[in-house]
Structure formats: C-alpha cells, structure tokens
Amino acid sequence: QFSTMLRVQTHEYSNKLNTIGGLIQIGSYEEALDLIMVENSGYQELIAFLMRIVPDPIIAGLILGKYDVAKERKIDLIIDNESSLLQVPSKLPRSKLVTILGNILENAFDAASRNKAQAPQVTLSFTDMGEDIIFEIEDSGVGMSDAAIKDIFTFGRTTKRAMGHGIGMFLVKNCLDQVDGTLSITRAKTGGTIMTVYIPK
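Residue numbers (our numbering): 1 to 201.
Since the hints were made in silico from the structure, they are not lab data.
Heads up, a few of these hints could be off.
Straight-line distance between alpha carbons at most 35 Å, and here's what the computed DSBU-like set of lysine-lysine pairs gives [what the hints assert, rightly or not]:
#, residue 1, residue 2
1, K116, K150
2, K91, K116
3, K74, K96
4, K116, K201
5, K173, K116
6, K71, K96
Quick list of the computed label-pair ranges, beta carbon to beta carbon [said to hold, decoys possible]:
#, residue 1, residue 2, range
7, F153, E131, 16 to 26 Å
8, D177, I24, 45 to 55 Å
9, N81, I36, 21 to 31 Å
10, N81, V142, 25 to 35 Å
11, G22, R73, 22 to 32 Å
12, N18, G130, 42 to 52 Å
13, F153, I47, 47 to 57 Å
Given the structure is predicted, the values throughout are model-derived calculations rather than measurements.
Just so it is clear, CB atoms sit at the ideal spot from N, CA and C, and this is done for glycine as well.
Please put together the full structure from these sequences, using the hints given.
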C-alpha cells in the first residue's frame with residue numbers, strides 16, 4: 001500500500017515539476033508561480049481537512065494516498081465533508097483497516113473507470129458516532145450481478161480480465177473476520193455499487 005502511494009505521489013509531483021520547469025524556461029514566471037500556489041493551496045486544504053476529521057495518521061495517510069491514486073487515474077474521489085473518525089479504538093489494528101478500506105477503494109476505482117458512459121467518480125463517507133465504525137464507498141460503475149456479489153470473497157474470483165486479481169476482497173474478508181466486521185453490498189440509485197463496512201468498536 002505505502003509503496004504504491006509513494007510511486008503515485010512521485011509520478012504526480014514529477015509531472016507538476018516538469019511543467020513548472022518548462023514555464024520558467026520560457027519565461028512564464030507568473031504562470032509558474034500561479035501553478036505552484038494552486039497546487040500547494042489545494043493540497044494543504046485537503047491535508048488540513050483530513051487532519052481535522054481523521055486525527056489518526058495511518059488512516060488519514062491511507063485516504064490521502066488513495067486521493068493521489070484517484071487523481072492520477074482521473075477519478076473524482078469525493079470525501080463527504082460530514083464524515084468524522086475521531087474515536088477509533090487503539091485496540092483496533094490499523095493494518096486491518098488499511099487492508100479493508102484500501103482494497104475496497106481500489107475496487108471502486110476500477111469499477112468507476114470501467115463505466116465509459118460517465119466520468120468516473122467514487123464517494124467515501126465514514127463515521128464513528130455510534131457503536132460501530134462505518135465506511136461507505138459508492139462508485140459510478142455499472143453495478144455488480146448477484147453472482148458476482150455472491151462470489152466476491154472467493155479467492156481468485158474477479159471481474160477483471162488481467163491476471164493477478166481476485167485477491168483483494170479475499171483479504172478484506174479475512175481482515176473483517178478478525179475484527180468482527182461485516183460488509184453489505186447494495187446498488188446505488190445511479191446504477192453503481194455501494195459497499196458499507198461495519199466494524200464494532
């Protein structure tokens with residue numbers, strides 16, 4: 001997970017630095033400064049927002065990393081501004097949360113990207129207000145068949161054509177079992193898929 005985040009961030013910043021360097025070389029100093037200010041401002045706002053609603057650095061780092069992945073893949077990742085994750089128990093293994101949320105978000109990105117009928121979009125919301133920690137991930141894909149939902153946790157089963165897939169949701173199930181969590185899958189009004197994770201505190 002962390003190596004992927006670093007690779008994406010390095011690639012993204014390399015593109016921005018190349019553009020800024022090119023603007024400076026052709027004498028467009030004002031445009032270069034504007035680009036620097038826009039990039040820095042937007043990213044700092046996101047970091048400040050995440051630090052406010054997700055004080056846990058590992059979970060916040062995961063979400064920030066996935067935001068970068070979505071940006072590189074031209075996917076609009078929307079983080080519900082009503083979300084809040086302020087009381088995550090210390091006994092809850094962060095590595096399990098990273099595996100669960102990380103893999104479900106990756107699946108949502110893939111589903112949204114495969115639907116060519118609309119711009120890819122994934123919405124993430126979460127709360128710990130009640131007795132459970134709840135994550136809800138909605139994608140703009142074409143939805144899942146009943147058969148696909150039934151087999152979603154089976155090792156090696158995947159809707160993707162490329163090799164090496166079909167492992168992520170199997171790992172999600174293992175981690176959910178270890179933290180007594182559950183996952184519900186429903187169809188969104190837009191036709192995509194909503195995955196909701198419930199993890200007792």
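Going through the hints against the structure:
Distance hint between K116 and K150 is fulfilled; the C-alpha atoms sit about 25 Å from each other, no more than 35 Å. Between K91 and K116 the CA atoms are separated by roughly 42 Å; this puts the pair beyond 35 Å, and the hint is violated. A C-alpha spacing of about 27 Å is found between K74 and K96, which places the hinted pair at or below 35 Å, so the restraint holds. With a C-alpha separation of about 39 Å, the suggested pair K116 and K201 falls outside the 35 Å cut-off, and the hint is violated.
A distance of roughly 29 Å separates the Cα atoms of K173 and K116; the hinted pair therefore holds under the 35 Å criterion. Proximity of K71 to K96 is assessed by CA-CA distance (about 24 Å); at most 35 Å being required, the pair is judged to hold. A hinted range of 16 to 26 Å holds for the C-beta pair F153 and E131, which are about 24 Å apart. Checked against the hint of 45 to 55 Å, the pair D177 and I24 passes, with Cβ atoms roughly 54 Å apart.
Checked against the hint of 21 to 31 Å, the C-beta distance between N81 and I36 comes to roughly 26 Å, which is consistent with it. Between N81 and V142 the Cβ separation comes to about 27 Å, which falls inside the hinted range of 25 to 35 Å. Range check, G22 to R73: Cβ separation about 24 Å, and the 22 to 32 Å hint holds. The supplied range of 42 to 52 Å is met by N18 and G130, whose beta-carbon atoms lie about 47 Å from each other.
For F153 and I47, the Cβ-Cβ distance of about 34 Å falls outside the hinted range of 47 to 57 Å, so the restraint is violated.
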